[in-house]
Each structure stands twice: as C-alpha cells, then as structure tokens.
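Start from the sequences, fold in the hints, and give me the full structure.
Keeping their order, the protein sequence lines are chains A and B. Residues 1 to 267 (the numbering used here) make up the first sequence, in order. Residues 1 to 264 (the numbering used here) make up the second sequence, in order.
No lab work stands behind these hints: they were computed from the structure. Even for Gly, the Cβ is constructed at its ideal location relative to N, Cα and C. Misleading hints may appear alongside valid ones.
Claimed, not checked - Chain B side only, calculated, beta carbon under 8 Å to chain A, not exhaustive: (1) I97; (2) N214; (3) A263.
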Amino acid sequence: MSATVLEIKNLTRRFGAFTAVDAVTLAVNAGEVFGLLGSNGAGKTTTIKMLTTLLPPSAGEARVAGFSITRQAVSVRRAIGYVPQAVSVDGSLTGYENLLIFAKLYDIPRREQQTRIREALEFMGLTADGGRLVGEYSGGMVRRLEIAQSTLHRPQVLFLDEPTVGLDPIARDAVWKLLVDLRANYGTTLFFTTHYLEEAESHCDRIAIMHKGRLAALGTWKELEASLGSGVHTLDEVFIHYAGGILDSGGSFRDVSAERATAQRLG
Amino acid sequence: MTATFIRPFTGFVEKIFVITEFELRKLRHDFTELITRALQPALWLLIFGQVFNRSGAMRTGNVPYLDFIAPGILAQSVLFVAIFYGINVIWERDLGIVQRFLASPTPRAALVLGKGFSAGIRTLSQTVIVYALSLLLGVKLNWRPLALLNVLVVVVLAATLFSTFSLIIACIVKTRERFMGVGQVLTMPLFFASNAIYPTAIMPGWLRAISHLNPLTYVVDALRAFMLAGSTSALGLGRDYAVILLTTTILVLIGARLYPHLAT
Numbered sequence: 001m002s003a004t005v006l007e008i009k010n011l012t013r014r015f016g017a018f019t020a021v022d023a024v025t026l027a028v029n030a031g032e033v034f035g036l037l038g039s040n041g042a043g044k045t046t047t048i049k050m051l052t053t054l055l056p057p058s059a060g061e062a063r064v065a066g067f068s069i070t071r072q073a074v075s076v077r078r079a080i081g082y083v084p085q086a087v088s089v090d091g092s093l094t095g096y097e098n099l100l101i102f103a104k105l106y107d108i109p110r111r112e113q114q115t116r117i118r119e120a121l122e123f124m125g126l127t128a129d130g131g132r133l134v135g136e137y138s139g140g141m142v143r144r145l146e147i148a149q150s151t152l153h154r155p156q157v158l159f160l161d162e163p164t165v166g167l168d169p170i171a172r173d174a175v176w177k178l179l180v181d182l183r184a185n186y187g188t189t190l191f192f193t194t195h196y197l198e199e200a201e202s203h204c205d206r207i208a209i210m211h212k213g214r215l216a217a218l219g220t221w222k223e224l225e226a227s228l229g230s231g232v233h234t235l236d237e238v239f240i241h242y243a244g245g246i247l248d249s250g251g252s253f254r255d256v257s258a259e260r261a262t263a264q265r266l267g
Numbered sequence: 001m002t003a004t005f006i007r008p009f010t011g012f013v014e015k016i017f018v019i020t021e022f023e024l025r026k027l028r029h030d031f032t033e034l035i036t037r038a039l040q041p042a043l044w045l046l047i048f049g050q051v052f053n054r055s056g057a058m059r060t061g062n063v064p065y066l067d068f069i070a071p072g073i074l075a076q077s078v079l080f081v082a083i084f085y086g087i088n089v090i091w092e093r094d095l096g097i098v099q100r101f102l103a104s105p106t107p108r109a110a111l112v113l114g115k116g117f118s119a120g121i122r123t124l125s126q127t128v129i130v131y132a133l134s135l136l137l138g139v140k141l142n143w144r145p146l147a148l149l150n151v152l153v154v155v156v157l158a159a160t161l162f163s164t165f166s167l168i169i170a171c172i173v174k175t176r177e178r179f180m181g182v183g184q185v186l187t188m189p190l191f192f193a194s195n196a197i198y199p200t201a202i203m204p205g206w207l208r209a210i211s212h213l214n215p216l217t218y219v220v221d222a223l224r225a226f227m228l229a230g231s232t233s234a235l236g237l238g239r240d241y242a243v244i245l246l247t248t249t250i251l252v253l254i255g256a257r258l259y260p261h262l263a264t
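Below, the structure written as structure tokens:
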C-alpha cells in the first residue's frame, strides 16, 4: 500500500448561489495516474484550481504532499507542478529561457540549473529547439515544453488540466508517452482532467467522474464498467451513466471560449 | 538567527530581479516597441513644445517654455507607457501564464514589483530620446553624473508606480475592452491635473489642489530639478521622493493582494 499524496475532504467551492464543487472527498496514492472526468462545467477545473492553491475553497480541506492547501499554500506550491489548460509558456521567449525562469523561481541551485534544463529539453525531445522562440513551436512542442517547465523542480504531484486538448492524435500519444515516462523515472503522481475517454481508459490507474460539482463515480474503469451491471459496456455508456447526457453539459461562455482559444493556439 | 531573517529577504529581492530579467529578455527578441515608443515624446516636444515656446502664452518665469516642458514630457511619456502596462497582464491571464506564475512559490509582491521594475527599465529608452531632443532644441540640461543618476531613479520609480497602478486596474476589470476604456479615462486627468506642461501657479485653485494629490506632479517636480541646469525643486526633493516611494509601496501591496484574483 503506497502513501497517500493527495487527500481531499468535503472540498467545496461556491460562486454566489452556484456551487461549482460540492463536498468532494477522495484520496490519491503516490505514483498514481488519476483522471478526473466530467462534462463542461462539472467542476473539474475549479477542483484543480483549489488543489493548486489558485482558488481558496469555500468549505472543506485538502492536503497535497502532506501540506494544507489553505494554511500551507507556499509549501504546496513547492511540491506541485501545474500545467493549465491554456498556453502557459511565453511565446516571446525561447524554450530555454522559459525553462530558465522557472528554474530560478523554484530555487534550483545555480550549478544544477543548466544540467536540469538540458536534461528536460532532451527528455521532451526539444534539444534542437531550445534556442528558438516558443512562438514558432507547434502545439505538441508547446505542451511538451510546458510539462518540462512544470517538472523541472521534480514535483511530487503534477496537475494537468486537459493536457491534450487541441492536439492531433500523434502529438497526444507523444505527450502521454512522456507523462508515463515521467512517472516511471521520478515517481511523479499525475492528476489530470480530460474529455478524451480513451486516454483515461488507457493511462489512468483510477478515475473519478464529476457531475454538477459532485463526485458521481470513483474507481478503476473495470470497476465502473462492472457497476453498470452484467454485459459489455462502452466507455461512452459508462461516462453517460455517471456524467448525465452529453447535452446536459454546462460550462460558462468564458470556459468554452478559453478552451476553443487554447485548441486554436495549439492546433 | 539573522540568517532566518535575511534569507527570505534576499530570496524576495532575487525573485523580483528574475521577473524583471525575463521581461527584459523579451525586449531583446523584439525591440520594435522601443522605437515606436520614442515617437510620442518627439511629437510633444517638437510640435507642441515649439509652438507654445514661440507663442509665449505660458508664463514660466525665467525658464524658457521648452526647458520647462522637457521634464514634463519625459514624465508624460513614462505615464503613457506605464498606464497601459496592465493590458499585458490581461493578455497573460487569457493565456495561462499568470496561473502558472501564481502556482509557483514566488512571493506575490515579487511578481508585481518585478513587472513594475521592468516597465521602469523599458522607459529608459524614452529618457534617452527626450535628452537627445532636448539637446537638439537647446534646452539647458544638467549633465552632472549625480543629477543624471537621480533622473534615472525617478524615471524607474515613476514607471513602477504607474505600471503597478495599471496592474491594479487590470486585476479589477479583467477584460481588455474595459481596461482600454478605463485607461483612457484615467490618463488624461492624471496628465492635465499635473505640472507637466504648465505651472500649477496658473491653475484655478481647485485644480491646483487636485494636482497636489497627483503623484505625477511630484515626479515632474523632481525631474525638473534634476534635469535642468540651475533649476530647483518647487515642492522639495525630499517630499517628492517621499510621495513617490510611499505611493509605490502602497500600490505594490494592493497589487500583491489583488494579483491572485486574476487566476480565479
């Protein structure tokens, strides 16, 4: 039994009268690949924002790598990496510079900075492009650089909000191969959201499905499939059973436009 | 024992310079911005300044009007550039850059101050332009090293002050459209309710009172004292620096509190 690296208890976030995340409780083990699924507006991004200390919860508590997200926010930030859904590297800097700034912000010792950056570029297959402006990168390269940037300091938990949105299947596979390697090499716990059910099925140890802010299901795909009763069930059937009909989906104008903008920038 | 106090402080200062460094690296990749920025002070000095200098309409005592206005135009161009700085912040928010920085352990005040300083260093190009034009127009400049150094310090501080003010507005309005509107509404009153292009002595009483609440007035006063040969401060240099530093500190503290709201 491995240690718990993420412990969420009754985590709740309200925006006025609207409850975006409603008393979510779950735990994630160290080294686990954990997928958070749900329709637009189900509360996935709000959950990630609370766990990464960007948004204070209205109620409940969570501990990341043993630190409280409300009382020990700075320690949490040191222990995590975060790849937001939107493009988070700077197009007007080179790939190398984008990594260097985070090496410095995360206090990686000066004598180690160059080695870490070189290794990260190599690991992500970006060695030849380190000196180019990120504005000239392809979508897949941007995502790989973002993952390199958020793992330079060897975080215990890496949060990824729809890491493969807007990428073509080949780039998606490349990103996943790196994420899997990352866990194998450094034992990094991966906590991510996605809309792609196949990705969740092939890469996750366990998944959680959110619906209208609540945790609708939690377990391995096999367990969730079995919970629908005997017979063979498709991924879509399992998802729709727990997440409601696809047409039921919410999400604000801002969420949707941000997602499309990201897809456009990366695609 | 002292190390526990010094370490967080040096770490904080280091982070400010990391943020500044990378803002400046962006300039190295694309410096067209520096050239286009030089245009505005040139127009004000060459056209507005020359015309009013000839007309003799402004009573500026024994200082020629062009000499009087040169430090004012430097302050103005610093203000105009810094006040739209928030637009970058909104852009970085629409991407995920702000979120990425806020999820890092960097102190919020260091993020805000680092951006402010970079705005300050960016405005140094305008300082060079205003000096070059002033020289061309026969303005009697003070070339003593200490005076020059003070001009640079005041310019960087002023840009930090107004760019942080701009960042605060960005944190409140959050969209580019609203920001452009608010930016326009604020810039002109700040500029006209100051001593930049006319002495406060010729203002009606109410406007003069407002101008004394305007940090730009103190920036211009300090620049006028340091930039021109044989010029002195009308308001007192100690007071100028005190107002500028205090306002900047208060704005940075407010900015550091509001900046995290951009990620929500």
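Results for each hint:
no.	hint	result
1	I97	holds, 5 Å
2	N214	violated, 33 Å
3	A263	holds, 4 Å
In this structure, the one hint that does not hold is number 2.
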